[in-house]
Amino acid sequence: AQSVAQPEDQVNVAEGNPLTVKCTYSVSGNPYLFWYVQYPNRGLQFLLKYITGDNLVKGSYGFEAEFNKSQTSFHLKKPSALVSDSALYFCAVREGSNTGKLIFGQGTTLQVKP
Amino acid sequence: DAGVIQSPRHEVTEMGQEVTLRCKPISGHDYLFWYRQTMMRGLELLIYFNNNVPIDDSGMPEDRFSAKMPNASFSTLKIQPSEPRDSAVYFCASSITGTGRPEAFFGQGTRLTVV
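Order-wise, the sequence lines are chains V and F. Heads up, the first sequence is in the working numbering, so the first residue is 27 and it goes up one at a time. Heads up, the second sequence is in the working numbering, so the first residue is 7 and it goes up one at a time.
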């Protein structure tokens with residue numbers, strides 16, 4: 027069965043510093059991987075995805091993520107954090123087949139301090 | 007496009023009452039997902055449909071929960087009877103296959119409070 031793990035409940039970083047939010051996954055076959063962000067009292071917003079090709083994918087708001095097949099990881103990164111990046115971040119995986127099941131990790135709260 | 011539309015945004019009901027949550031997916035999308043979000047359990051997949059057909063309902067917590075998709079532009083999630091532990095935010099999401107865009111788009115959610 028497919029699964030997603032986000033090992034950190036919260037990540038704290040100072041504004042201007044680089045940030046990393048970790049994600050590991052387990053899926054049979056080729057994974058489709060995603061990152062979403064959720065602001066308070068809002069729905070989830072799509073940030074970026076990996077389907078195939080380059081292991082480093084770029085997304086919205088300056089975020090990027092690195093796919094590592096050997097480590098089954100898909101960590102979210104940003105070179106310079108902003109206070110406005112503070113939110114709840116979810117990693118998700120979808121099997122690269124027609125089953126279409128989309129499973130989310132538990133979420134990581136990112137706190138960027140001025 | 008208006009995106010995924012959910013109604014109502016907020017629902018407060020008494021224990022034992024029937025609750026119906028509604029979702030209108032993005033036009034042309036062939037997958038529809040229902041999720042429940044709580045502090046304790048995070049974001050749980052309840053059920054998902056492909057071309058209006060339920061594919062996997064293994065996440066539906068109990069027989070009190072049911073979901074339907076009578077056509078491509080409408081889905082409901084019903085709880086009957088409702089209980090206080092059903093209090094959560096319920097999200098609907100939709101996606102489309104065959105376009106290289108497998109990501110799902112979420113509605114704003116329905117915050118359900120059962121008292």
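Just so you know, the hints here were simulated from the structure itself, not pulled from any lab data. Among the hints, a few may not be true.
[What the hints assert, rightly or not] In silico BS3-like links for lysine-lysine, alpha-carbon gap of 27 Å or less: (1) V:LYS75 x F:LYS84; (2) V:LYS48 x V:LYS139; (3) F:LYS74 x V:LYS127; (4) V:LYS48 x V:LYS75; (5) V:LYS139 x F:LYS30; (6) V:LYS127 x V:LYS139; (7) V:LYS103 x V:LYS48; (8) V:LYS48 x F:LYS84; (9) V:LYS95 x V:LYS139; (10) F:LYS30 x F:LYS84; (11) V:LYS84 x V:LYS48; (12) V:LYS75 x V:LYS127.
[Said to hold, decoys possible] Derived DEER-like restraints, expressed as beta-carbon distance ranges: (13) F:GLY22 x V:PRO44: 24 to 34 Å; (14) F:ASP36 x V:GLY55: 44 to 54 Å; (15) F:GLU68 x V:GLU92: 14 to 24 Å; (16) F:PRO90 x V:ASP35: 17 to 27 Å.
C-beta: ideal position from N, C-alpha, C; glycine also.
Taking the hints in turn, this is what the structure says about them:
Our distance criterion of 27 Å between C-alpha atoms is broken by LYS75 of chain V and LYS84 of chain F, whose separation comes to about 32 Å. Note on LYS48 of chain V and LYS139 of chain V: the hinted pairing holds, with a Cα-Cα distance of about 19 Å set against a maximum of 27 Å. For the hint pairing LYS74 of chain F with LYS127 of chain V, the CA-to-CA distance comes to about 17 Å; that is within 27 Å, so the pair holds. Among the hinted pairs, LYS48 of chain V with LYS75 of chain V is consistent with the structure: their alpha-carbon atoms are about 15 Å apart, no more than 27 Å.
A distance of roughly 38 Å separates the Cα atoms of LYS139 of chain V and LYS30 of chain F; the hinted pair therefore is violated under the 27 Å criterion. Our distance criterion of 27 Å between C-alpha atoms is broken by LYS127 of chain V and LYS139 of chain V, whose separation comes to about 36 Å. Straight-line distance between C-alpha atoms of LYS103 of chain V and LYS48 of chain V comes to about 9 Å, which keeps the hinted pair within the 27 Å bound. For the proposed pair LYS48 of chain V and LYS84 of chain F, the alpha carbon gap of about 35 Å is over 27 Å, so the pair is violated.
Distance restraint check for LYS95 of chain V and LYS139 of chain V: the Cα-Cα separation of roughly 32 Å exceeds the 27 Å cut-off, and the hinted pair is therefore not satisfied. A hinted pair counts as satisfied when its Cα atoms are at most 27 Å apart, and LYS30 of chain F with LYS84 of chain F qualifies at roughly 15 Å. Distance restraint check for LYS84 of chain V and LYS48 of chain V: the Cα-Cα separation of roughly 16 Å lies within the 27 Å cut-off, and the hinted pair is therefore satisfied. About 15 Å separates the Cα atoms of LYS75 of chain V and LYS127 of chain V, which keeps this hinted pair within 27 Å; it holds.
The supplied range of 24 to 34 Å is broken by GLY22 of chain F and PRO44 of chain V, whose beta-carbon atoms lie about 52 Å from each other. Between ASP36 of chain F and GLY55 of chain V the beta carbon distance is about 20 Å. The supplied range of 44 to 54 Å is therefore violated. For GLU68 of chain F and GLU92 of chain V, the hinted distance range of 14 to 24 Å is not satisfied, since their beta carbons lie about 40 Å from each other. Taking 17 to 27 Å as the suggested C-beta distance range, the pair PRO90 of chain F and ASP35 of chain V conforms, at roughly 25 Å.
The structure fails to meet hints 1, 5, 6, 8, 9, 13, 14, 15 from the earlier list, while all remaining hints are met.
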